[in-house]
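Sequences and hints are given; from them, build the entire structure.
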Amino acid sequence: MLVKLKIFRFDPKKDENPYYQNFEVETDPLDRILDCLNRIRWEQDPTLSFRWSCGHGVCGSDGMRINGICGLPCQKLLRNFKEEILIEPLPVFKVVKDLIVDLGPFFEKYHSIKPYLIVKTPPPDQERIQLPAEQRLFEEAIRCILCACCTASCPVNQRKETEAYVGPAALVRAFRYLFDSRDEASNERMGLLDQKDGAWGCQTLWKCTEVCPKEIPVTKQIGQIKKRIYEAKHKE
Amino acid sequence: MIFQHDIVIVGAGLAGLRAAVEVADQANVAVVSKVFPTRSHSGVAQGGITAPLGNEEEDRWEWYFFDTVKGGDYLGDQDAIEIMIRDAPRAIYELEHMGVPFSRTPEGRIAQRNFGGHTRDFGKRPVKRACYAADHTGRVVLDTLFDQCLRRQVRFYSEHYVLSLLFEDGRCLGVVTYDLATGELHLLQAKAVLLATGGCGKIYRTTSNSGSTTGEIFSLVYQLGIPLEDMEFIQFHPTGLYPLGILVSEAARGEGGILRNGLGERFMERYAPTVKDLAARDVVSRAILTEVREKRGISGKDYVHLDLTHLGEEKISEKLWEIASFVRIYLGIDPVYDPIPVQPTCHYIMGGIPTTVDGRVLFDEKGSIVHGLYAAGECACVSVHGANRLGCNSLLDLLVFGRRSGMAMKEEVQHLEPPSISIDPLKAMSEKMTRLLNQKGKEKISPIRQRMQSVMMDYGSVFRNEGGLKRGIEELRVLKERYKEIEVFDKGNHFNFELMEAIELGHQLELSEVILFSALHRRESRGAHFREDFPTRADRYYLKHTLVYRTPKGPEVKCKPVKITRFQPEVRVY
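These protein sequences, in sequence, are chains A and B.
Residue numbering for the first sequence follows this note's numbering, starting at 1 and increasing by one per position.
Residue numbering for the second sequence follows this note's numbering, starting at 1 and increasing by one per position.
Treat each hint with caution, since some may be false.
[Claimed, not checked] Here are the computed lysine-lysine pairs in the BS3-like style, where the Cα-Cα straight-line distance is at most 27 Å:
| id | chain 1 | residue 1 | chain 2 | residue 2 |
| --- | --- | --- | --- | --- |
| 1 | A | Lys13 | B | Lys491 |
| 2 | A | Lys13 | B | Lys440 |
| 3 | B | Lys427 | A | Lys13 |
| 4 | A | Lys220 | B | Lys315 |
| 5 | B | Lys444 | A | Lys6 |
| 6 | A | Lys13 | B | Lys444 |
| 7 | B | Lys440 | A | Lys14 |
| 8 | B | Lys202 | B | Lys484 |
| 9 | B | Lys544 | B | Lys563 |
| 10 | B | Lys444 | A | Lys4 |
| 11 | B | Lys444 | A | Lys14 |
Simulated from the structure, these hints should not be mistaken for laboratory data.
Quick caveat: nothing in here was measured; it's all calculated off a predicted structure.
Structure representation (structure tokens):
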């Protein structure tokens, strides 16, 4: 089948302004949009730039906007697209070149919530005990591949006035540690998250949950963080 | 620009990051990675990490030792294997203490599952030895180690490609990198360099490997005169999703999945009567392809079915969520109700850069060390996997030898002065890059690469023979000549992936020839290396490691003995 793509192009070193370029690629319906992008690079225009690696939705490299919705082109099969496909970089982040954005600020926010287990008691000789029910509490959150689709889709992050919001991805990781029974820094974590730009920045708009390629219930998890903070403050 | 570090680690997968965590408190360490660290191919690993914890059923390290030796078809060095096996429990508990979210038993211990080739009582029946986190074990271990690196303020050079290794007076003094974002060349000086760059699956057409797993470091090392060991041993994982080749973990069979041919038969009963679908991967891959060759593929085509339909929705969604997700996305079927089309896919290279058990790179068969250079993980050959790697042994290898390399480097750099480099490697590299960017030619990169991938698939995959290997080597030589005429069209210095692919391709052609040459030399079948013209194992002549050296006349083979301490080679049946 012949596929038509309209792709956002911008090389700040060469171009005054962004523009869109049209491409046509002959493909198989079972190919991924990623395959089309690579074929364009290899056969038509080698300057088209985008990140990719695993090609099957596990590494999180290729987050971009496809027909206006953030997602991973390696997970989208051409047979599900009828008209011309519009490919753009993730919103919210500064465009570095074509479909590559600067995720520095995204990873800074991720780092700011202390994404590692914090324990004070010395570990036992063997594994710490954690019951299956305890592990299931945060099981969905560990699927996160840091593709940034959720943060890029969040209307709060998209608005200049509220762009300091730490964002859904950082909160998913924060949730993962806050609800891990082995972690011993709940108070410290809640202190970090109990901020206007922390968990309370979430306006329950659901865009993150809609786009997550790993089907993580992001909004629900952020809601659980809020509930945990509220309950801790209102213990009596 | 020039940067000084005590230790430079190339590759941010599990081996590289574990080494970084080991050294970060006592040495100035930097990790160079061509992709952002969490995108490393280690994150794609699904099934688990083995350790004889005995959390679900009785297990003993001696059984695991035997399984690994047998799994490697007796080519693994048993002293190294023993080190890895005995260190396994410590390595797992350490990961758990760092926060890895393992799946759990009802009592709250780390859960373990069956996996191919892992047995009790020296091969009597399968044993639950693989510790796992659903079916994304690699993802969570990688994330945990990355987070530990962040915590220790490890310096990352992310999206930097290593273009060369710097040597002076026989000592490795650092690396030259290319910064993808700016096109700048940098010199990272170091007292010790660790190579942890993974495998080379992308030299084959059908592979489970990521786009970044191109294998150029093997060629870089080889061109320095360091031999490559056991390169003919390349594992084809039996169950790659058809036709993409992405991994469908052995965990699916560990949880009870069954392979069926076009007649609905559980054909592994014929090839491995004792453990059936949980035989070693090379046995299963050959079985699948034999079924296909004998016209028993599904509807006569070139794949078979992996049947999970008897496992139930709950088990699949709890333990095999990622696999179910791939199958739904890429084939539009539901593994709860439909069998999954699978075929063997290039997955792992057992061979690599020869090292000691502390990761020191060796430059000959007598055990001479390359000063300042270390290697760990898939790119290294210690050798623990011999002629075939058992599932879940790779993640363990990465952690054990990543740590050991870290410990050895930490110790070594304490006694060393910062290196002084008298030549200017940046100038030479810059001239090389300019020449490559300016050369005019009639060839494009992609057709040459695709042809190489097809040649490797046709002549260097599961079934090999002399005629095919020689044809393959000839074709690769023709491709190398064509490569001299390539033109790089993107002249930019800003995310120029084409330039990087051009450089990678040159290295891949060299590496491919080494692999086929090694395979040609080994006139027996052992583990993953199967010769149709020499279908049996010939211990008398070939119970030894292959070392391929680069010489002016072309590749040359020498050998070194296998270290056998406990288990004498036996006939290998499953």
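To see whether the hints hold, each was checked on the structure:
A threshold of 27 Å between alpha carbons decides the hint, and for lysine 13 of chain A with lysine 491 of chain B the separation of about 12 Å falls inside it, so the pair holds. For the given pair, lysine 13 of chain A sits about 24 Å from lysine 440 of chain B by alpha-carbon distance, which is consistent with the 27 Å threshold. Between lysine 427 of chain B and lysine 13 of chain A the CA atoms are separated by roughly 24 Å; this keeps the pair inside 27 Å, and the hint holds. Taking the CA atoms of lysine 220 of chain A and lysine 315 of chain B, the gap is about 24 Å. The hint holds against a cut of 27 Å.
With a C-alpha separation of about 24 Å, the suggested pair lysine 444 of chain B and lysine 6 of chain A falls inside the 27 Å cut-off, and the hint holds. Among the hinted pairs, lysine 13 of chain A with lysine 444 of chain B is consistent with the structure: their alpha-carbon atoms are about 25 Å apart, no more than 27 Å. Proximity of lysine 440 of chain B to lysine 14 of chain A is assessed by CA-CA distance (about 23 Å); at most 27 Å being required, the pair is judged to hold. A distance of roughly 21 Å separates the Cα atoms of lysine 202 of chain B and lysine 484 of chain B; the hinted pair therefore holds under the 27 Å criterion.
With a CA separation close to 9 Å, the supplied pair lysine 544 of chain B and lysine 563 of chain B stays within the 27 Å bound. As the CA atoms of lysine 444 of chain B and lysine 4 of chain A are separated by approximately 24 Å, the hinted pair is consistent with the 27 Å bound. Using a Cα cut-off of 27 Å, the hinted pair lysine 444 of chain B and lysine 14 of chain A holds, with the two alpha carbons roughly 24 Å apart.
Hint violations for this structure: none, all hints satisfied.
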